[in-house]
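With the sequences and hints as input, model every part of the structure.
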Amino acid sequence: MRLQLLALLAAVAGLAVSIYLTAVHYAGVPLACPTTSTVNCEAVLSSSYAVIAGSPVPTSAAGIAWFALSACIAAAVLLARGATKWTRVQLAWSAIGLVTILYLVFIEIVRLGVICAWCSVAHSLVLLIFLIALPRPGAPPARE
Amino acid sequence: MSRRPNAKRAAQLRKPVSNTPSWIVPAAVVGGIAVLVVAFLVIRWYTTPLPPKPLAVDATQQVVAQLAGIPATELDSVGAGSANNRFKKISASPLTGPTGKPAVLYYGAEFCPYCAAQRWPLIVALSRFGVFSGLQTTSSSSTDIYPNTPTFTFHGSTYTSQYIDFESVEASDRNQNPLESPTAAQQALISQYDTGGSIPFIDVGNRFESEGAMYLPDILAGMSWQAIATALSDPSTPQAKAILGAANLITAAVCDTTGNMPAAVCSATSIQAIQKQLG
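Here the protein sequences come in this chain order: A and B.
Mapping of the first sequence onto the numbering used here: position 24 corresponds to residue 24, and the numbering continues sequentially without gaps.
Mapping of the second sequence onto the numbering used here: position 146 corresponds to residue 290, and the numbering continues sequentially without gaps.
What the hints contain is simulated information worked out from the structure, not anything from laboratory work.
Errors might be hidden in some of the hints.
Some chain B residues near chain A, calculated using beta-carbon distances under 8 Å [unchecked claim]:
1. V169
2. V173
3. G175
4. I177
5. V179
6. L180
7. V181
8. F184
9. L185
10. R188
11. T287
12. P291
13. E311
14. G340
15. L360
16. I363
Some chain A residues well away from chain B (every beta-carbon gap over 10 Å; in silico) [stated by the list, open to error]:
17. M1
18. V24
19. A27
20. V57
21. A80
22. K85
23. V89
24. F130
Note that CB positions come from ideal geometry on N, CA and C, so glycine has one too.
Shown next, in the form of structure tokens:
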């Protein structure tokens, strides 16, 4: 249950990061982020990959939705006090998140050649939630 | 009698599972992701284009002549194209150059990929008002975003025009070594208007200023200077839409400072339309 509390806190932290990035996108104000030859938030967030499929909606808006739902799922697992169908939902949802961030990391490293520090924080939180959602050996099966 | 073998089998099945440390699966996932990230870095290293060899003087002059010779009808047909208008109107005393004509100030650096992109339309636009000489080809940094973007450098070049003066400052070379420093007056303008410290910074006669490139440099990736110049002869290419569109935005801003002279350039339909947008 302590791990699920950690998942809930990670989801809330990710939600805060995503809201910040989305607010900066729409406000058009400079991002608080160091700029070096390998870290450049501005370059990543102003690239064509920083919006959803050519729309004006930033990718961070999808992050808001993902982390918000992750927080709800973690809360549901906490309230259920143990392995339930919610743990399976959490695993499936966090797997979707993990695949998405692997794609985004691919874009950052291979296509753009720079890393966005804020995005990396959000990616780490997605990974953390996925690791928490993984079934542990010897754990009782999920209850319906 | 029959329960005993089943219990034994169940115990045999459970035993290996219960002995598996709980950290094994998360550690395997983290290890797998680390391997993927290393693979991404290898792909990046393998696919990054090598810095193109700068062109010889003759070949460079040929490309610059192509840029200066883009037909007015083609420029007019592109309009603002796909360029992002980054000009902001400013109200200050007119900026004049050494000869007293309206001045265009460019502040950038050779390593900077956005400067690399922005030099193309700047050269196309200013070539409509005057003549460049001594331009040399170069490319942006190999280790920055949009590596090795083909471009020119204003370092060591001259520009003559009967309408405007052009002042350029290339602060660093492509390896980020210091190259040129702005004068006190240029630095004052940069500090006043380029508060975010973004390059390239362009001040058109203290009427308009822009920071950053008007299009993304990725459309120039892997292309030679000649290939880009050739692409500009076809108004339907992504390069023409971006570079000629940005050139028209710059042209319209410059026309604002020259009293719409020369008329052959500034009276074009697209320039007039863009001037209305600029305000």
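Now the hints, each set against the structure:
{"no.": "1", "hint": "V169", "in the structure": "5 Å, holds"}
{"no.": "2", "hint": "V173", "in the structure": "6 Å, holds"}
{"no.": "3", "hint": "G175", "in the structure": "12 Å, violated"}
{"no.": "4", "hint": "I177", "in the structure": "7 Å, holds"}
{"no.": "5", "hint": "V179", "in the structure": "12 Å, violated"}
{"no.": "6", "hint": "L180", "in the structure": "6 Å, holds"}
{"no.": "7", "hint": "V181", "in the structure": "7 Å, holds"}
{"no.": "8", "hint": "F184", "in the structure": "4 Å, holds"}
{"no.": "9", "hint": "L185", "in the structure": "6 Å, holds"}
{"no.": "10", "hint": "R188", "in the structure": "5 Å, holds"}
{"no.": "11", "hint": "T287", "in the structure": "5 Å, holds"}
{"no.": "12", "hint": "P291", "in the structure": "6 Å, holds"}
{"no.": "13", "hint": "E311", "in the structure": "26 Å, violated"}
{"no.": "14", "hint": "G340", "in the structure": "5 Å, holds"}
{"no.": "15", "hint": "L360", "in the structure": "7 Å, holds"}
{"no.": "16", "hint": "I363", "in the structure": "10 Å, violated"}
{"no.": "17", "hint": "M1", "in the structure": "15 Å, holds"}
{"no.": "18", "hint": "V24", "in the structure": "13 Å, holds"}
{"no.": "19", "hint": "A27", "in the structure": "14 Å, holds"}
{"no.": "20", "hint": "V57", "in the structure": "18 Å, holds"}
{"no.": "21", "hint": "A80", "in the structure": "20 Å, holds"}
{"no.": "22", "hint": "K85", "in the structure": "20 Å, holds"}
{"no.": "23", "hint": "V89", "in the structure": "19 Å, holds"}
{"no.": "24", "hint": "F130", "in the structure": "7 Å, violated"}
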